[in-house]
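Heads up: the protein sequence lines correspond to chains A and B, in order. Position one of the first sequence corresponds to residue 1 (UniProt numbering), numbered consecutively onward. Position one of the second sequence corresponds to residue 1 (UniProt numbering), numbered consecutively onward.
FYI, nobody ran anything at the bench for these hints, they're computed from the structure. Predicted, not measured: the structure shown is a model, and the values here were computed from it. Check before you lean on any hint, since a few could be wrong.
What the hints assert, rightly or not - With a straight-line cut-off of 25 angstroms between C-alpha atoms, the simulated DSS-like cross-links for lysine-lysine are:
no., chain 1, residue 1, chain 2, residue 2
1, A, 52, B, 92
2, A, 187, B, 246
3, B, 246, A, 211
4, A, 11, A, 52
5, A, 66, B, 133
Listed below are the residues making up each chain.
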Amino acid sequence: MADNKIAPTKKVALTKGDRIAVWWRSTFLQGSWNYERMQNGGWTYTLIPALKRLYTTKEDRAAALKRHMEFFNTHPYLASPIIGVTMALEEERANGAPIDDVAIQGVKVGMMGPLAGVGDPVFWFTVKPILGALAASLAISGNIMGPILYFVLWNAIRMAFMWYTQEFGYKAGSSISEDLSGGLLQKVTKGATILGMFILGALINRWVVVKFTPVVSTIQQAKGAFIDWAKLPKGSAGIKEALTQQAAGLSLDKFKVTTLQDNLDQLIPGLAGLLVTFLCMWLLKKKVSPIIIILGLFVVGVVLHVLHVM
Amino acid sequence: MDLNFIQVILVIIVAFFAGMEGILDEFHFHQPVIACTLIGLVTGDLIPCMILGGTLQMIALGWSNVGAAVAPDAALAAVASAIILVLGGQGKAGVSSAIAIAVPLAVAGLLLTILARTVATAIVHIMDRYAEKGSFRGIEVWQFIAICMQGVRIAIPAALILAVGAGPVRELLSAMPTWLTDGLSIGGGMVVAVGYAMVINMMATAEVWPFFAIGFVLATVQDLTLIGLGAIGISMALIYLALSEKSGGSSNGGPANSGDPLGDIIDNY
Numbered sequence: 001m002a003d004n005k006i007a008p009t010k011k012v013a014l015t016k017g018d019r020i021a022v023w024w025r026s027t028f029l030q031g032s033w034n035y036e037r038m039q040n041g042g043w044t045y046t047l048i049p050a051l052k053r054l055y056t057t058k059e060d061r062a063a064a065l066k067r068h069m070e071f072f073n074t075h076p077y078l079a080s081p082i083i084g085v086t087m088a089l090e091e092e093r094a095n096g097a098p099i100d101d102v103a104i105q106g107v108k109v110g111m112m113g114p115l116a117g118v119g120d121p122v123f124w125f126t127v128k129p130i131l132g133a134l135a136a137s138l139a140i141s142g143n144i145m146g147p148i149l150y151f152v153l154w155n156a157i158r159m160a161f162m163w164y165t166q167e168f169g170y171k172a173g174s175s176i177s178e179d180l181s182g183g184l185l186q187k188v189t190k191g192a193t194i195l196g197m198f199i200l201g202a203l204i205n206r207w208v209v210v211k212f213t214p215v216v217s218t219i220q221q222a223k224g225a226f227i228d229w230a231k232l233p234k235g236s237a238g239i240k241e242a243l244t245q246q247a248a249g250l251s252l253d254k255f256k257v258t259t260l261q262d263n264l265d266q267l268i269p270g271l272a273g274l275l276v277t278f279l280c281m282w283l284l285k286k287k288v289s290p291i292i293i294i295l296g297l298f299v300v301g302v303v304l305h306v307l308h309v310m
Numbered sequence: 001m002d003l004n005f006i007q008v009i010l011v012i013i014v015a016f017f018a019g020m021e022g023i024l025d026e027f028h029f030h031q032p033v034i035a036c037t038l039i040g041l042v043t044g045d046l047i048p049c050m051i052l053g054g055t056l057q058m059i060a061l062g063w064s065n066v067g068a069a070v071a072p073d074a075a076l077a078a079v080a081s082a083i084i085l086v087l088g089g090q091g092k093a094g095v096s097s098a099i100a101i102a103v104p105l106a107v108a109g110l111l112l113t114i115l116a117r118t119v120a121t122a123i124v125h126i127m128d129r130y131a132e133k134g135s136f137r138g139i140e141v142w143q144f145i146a147i148c149m150q151g152v153r154i155a156i157p158a159a160l161i162l163a164v165g166a167g168p169v170r171e172l173l174s175a176m177p178t179w180l181t182d183g184l185s186i187g188g189g190m191v192v193a194v195g196y197a198m199v200i201n202m203m204a205t206a207e208v209w210p211f212f213a214i215g216f217v218l219a220t221v222q223d224l225t226l227i228g229l230g231a232i233g234i235s236m237a238l239i240y241l242a243l244s245e246k247s248g249g250s251s252n253g254g255p256a257n258s259g260d261p262l263g264d265i266i267d268n269y
């Protein structure tokens, strides 16, 4: 870092306070997200505490701001290591190292693609669905721990990740881009993808609800296989007796009704949901808008319900 | 249920935060399970709103802003449907019709999102001018304005629904026949699949499909909680990485669509 650089006239270094300020500002990276240069405004805003420390003349400041207003877009959390590296490069530049605008922009662009490729599967497709599904199932059952758990865990993971990767980027400086093209990045991506696919399989089974109601068969059961309601004692004793009999495995009705759903569940529970998911994947690959698919599924739900199929 | 002045203000503040987070994607105030619960908290209708939030969260699991793509707007869907649920005063019974309203709102919210991101293009041009002058202050101010614009994007629709009031909202909800609300909640059970399908299309490779199958089959064991499944998933990922390292380098697939046999079958169908 600055200590081992020989600067001809001045020697400036970023303090920990500067880096904390940058870390906090990186929370607002996407605030001015736009169709032209995407995260550029937020990126420049984030770096301001560092630029303020490093450059004192108006010309230097204007040049620094202008070079960071260039196109930038990555996963909002994985921007942190890039911010760290950029701070290290700017620091060396301010101390006289021959680092030009092209080099800085090159490092930014070179890192943003692969890192977005890590952030999307890790955060959006793994951590968020797992925490979200956990919180949602608690919330649906009326447990306030659901939302609290989601909020606390999500932000703890996010804030810690952003701080440590930013520091890592700052310390590793320009060598980080070489490291990232090595094996570590691919391992992280692959591990996240495996976990993500596994969890997706589980979530589809549990949470895509498709139930077919048509009755396939109605069989009258043998005597003693169902609860004989007429012979139960009166009042609460009868309820108790009925529950005891049900727990003993007796059926509630005289007729054993098998629906289409029961038949499908015998193959494997959740099969219909899996098929709906594959249908959606196919439609998405055919470039059908997800919005159309969502509205279409609602229409299908209503129509099939009216037809007594679901 | 009619809300008093303070409650109205608090609901609008929650909406503002949800709108901000809809673009920032950091604190996740815009996630339905948080946004709906907060609205429930400030209106005193906590439990029904939380159930609504949990149910919407399930639907929205796979909605993410990837690259420049815009996901359906979870923020508007969560905030508006929670307000409608509270105003309708039906408690838990109103949850399924509130969800049916939420999805068209998520679509309508897309248009507002696109509009806001277009306006932001003008804002960064103003920032350019301040950069030219070397003015840190100017860039900070306009970044702040851009974030507030995103908050207002949700706060205004929320205020409009509050202004229309409980009466019309209740009439609208009770005018919905049961075959429609029941059918919509059946559709809601299937809609979850769209988000998952988007995610799978992005992640799937030949190499990782077996893990999908294992996850699907293990989930039929009802005793396994999600945390338990997560532990199994992490363990398998670690084992796989360790083994493929030993056997001398794995193929560098990455989350691309290439080499995805099932995807290809679906493609060629």
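We went through each hint and held it up to the structure:
1. A distance of roughly 54 angstroms separates the Cα atoms of residue 52 of chain A and residue 92 of chain B; the hinted pair therefore is violated under the 25 angstroms criterion.
2. For the hint linking residue 187 of chain A to residue 246 of chain B, the alpha-carbon distance of about 13 angstroms falls within 25 angstroms, and the restraint holds.
3. Restraint check for residue 246 of chain B and residue 211 of chain A: not satisfied, since their Cα atoms lie roughly 45 angstroms apart, outside the 25 angstroms limit.
4. Note on residue 11 of chain A and residue 52 of chain A: the hinted pairing holds, with a Cα-Cα distance of about 14 angstroms set against a maximum of 25 angstroms.
5. Under the criterion of a C-alpha separation no larger than 25 angstroms, the hint pairing residue 66 of chain A with residue 133 of chain B is consistent with the structure, at around 9 angstroms.
Violated hints, listed in ascending order, are 1, 3; each of the other numbered hints is respected by the structure.
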